Amino acid sequence: GIQVEQSPPDLILQEGANSTLRCNFSDSVNNLQWFHQNPWGQLINLFYIPSGTKQNGRLSATTVATERYSLLYISSSQTTDSGVYFCAVPPTSGSRLTFGEGTQLTVNP
Amino acid sequence: NAGVTQTPKFQVLKTGQSMTLQCAQDMNHEYMSWYRQDPGMGLRLIHYSVGAGITDQGEVPNGYNVSRSTTEDFPLRLLSAAPSQTSVYFCASSSTGVGSARAFFGQGTRLTVV
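Chains as they are written, first to last, in our numbering: chain U, 1 to 109; chain V, 110 to 223.
These aren't lab readings, by the way, just hints derived from the structure by calculation.
There may be inaccurate statements among the hints.
To give an idea of the interface, some chain V residues facing chain U are shown, with a C-beta separation under 7 Å as derived from the structure [as the list claims (entries may be wrong)]: (1) Pro117; (2) Lys118; (3) Phe119; (4) Tyr173; (5) Gln216.
Label pairs and their in silico Cβ distance ranges [as the list claims (entries may be wrong)]: (6) Leu71/U <-> Met150/V: 20 to 30 Å; (7) Gly16/U <-> Leu188/V: 43 to 53 Å; (8) Val159/V <-> Ser26/U: 38 to 48 Å; (9) Ile163/V <-> Asn24/U: 28 to 38 Å; (10) Trp40/U <-> Asn137/V: 36 to 46 Å; (11) Thr221/V <-> Lys54/U: 36 to 46 Å; (12) Glu168/V <-> Pro9/U: 35 to 45 Å.
Keep in mind the model is a prediction, meaning the values are calculated, not measured.
Every residue, glycine too, gets a C-beta built ideally from N, C-alpha and C.
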């Protein structure tokens, strides 16, 4: 099945810093989704991004489908950005999302 | 707009007991699914449904049953709980299949089987 790899696995930042999270996938996909799991465990859908770039406030995401990767940018990070960031893709013929292992982000005040 | 609602949030079961995890969505989504999240294993699909009356198995279906009698509800039944089913369970929905639509998740149910 499709493989999804995220890097880095852990990231510690000071409040106000910028960061880039990467997601590589091993096969062609119809879309890619980024999620934030907050410290209370809730999974929030950040982006649905099959290709191109989308922005939502301090967060933006870029997917280059032909090269099989996506990037999540977090600018001017805040402590509330802490948590685990997952990317997930569906295989072209499948009905489930395959999740990466996640990037654990800690933003210190 | 409540989105995807799961109950209960926490549950402790004894080995061999049965229970039902409830999931409801108010977005009129056709596609609903159940995942479990375990340390080091990520999120894995248990069962999914593409509409009322239609369900199918995911990656790890053993020990679980589902049914979909309405568009809104998709309960997950544990038939005879085992310690290996200790996990965090998430219900998700999307307007169509996850291949073409954004997935929204409930807040999760943390289940411990002793």
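Evaluation of the provided hints:
1. Pro117: violated, 14 Å
2. Lys118: violated, 9 Å
3. Phe119: violated, 11 Å
4. Tyr173: Violated: closest Cβ of chain U sits about 15 Å from tyrosine 173/V, beyond 7 Å.
5. Gln216: For glutamine 216/V, the interface hint holds, since the closest Cβ of chain U sits about 5 Å away, which is under 7 Å.
6. Leu71/U <-> Met150/V: 20 to 30 Å: Since leucine 71/U and methionine 150/V have Cβ atoms about 25 Å apart, the given range 20 to 30 Å holds.
7. Gly16/U <-> Leu188/V: 43 to 53 Å: Holds, at about 51 Å.
8. Val159/V <-> Ser26/U: 38 to 48 Å: violated, 25 Å
9. Ile163/V <-> Asn24/U: 28 to 38 Å: holds, 33 Å
10. Trp40/U <-> Asn137/V: 36 to 46 Å: With a Cβ separation near 27 Å, tryptophan 40/U and asparagine 137/V fall outside 36 to 46 Å, so the hint is violated.
11. Thr221/V <-> Lys54/U: 36 to 46 Å: Roughly 38 Å apart at Cβ, these two residues keep to the hinted range, so it holds.
12. Glu168/V <-> Pro9/U: 35 to 45 Å: violated, 22 Å
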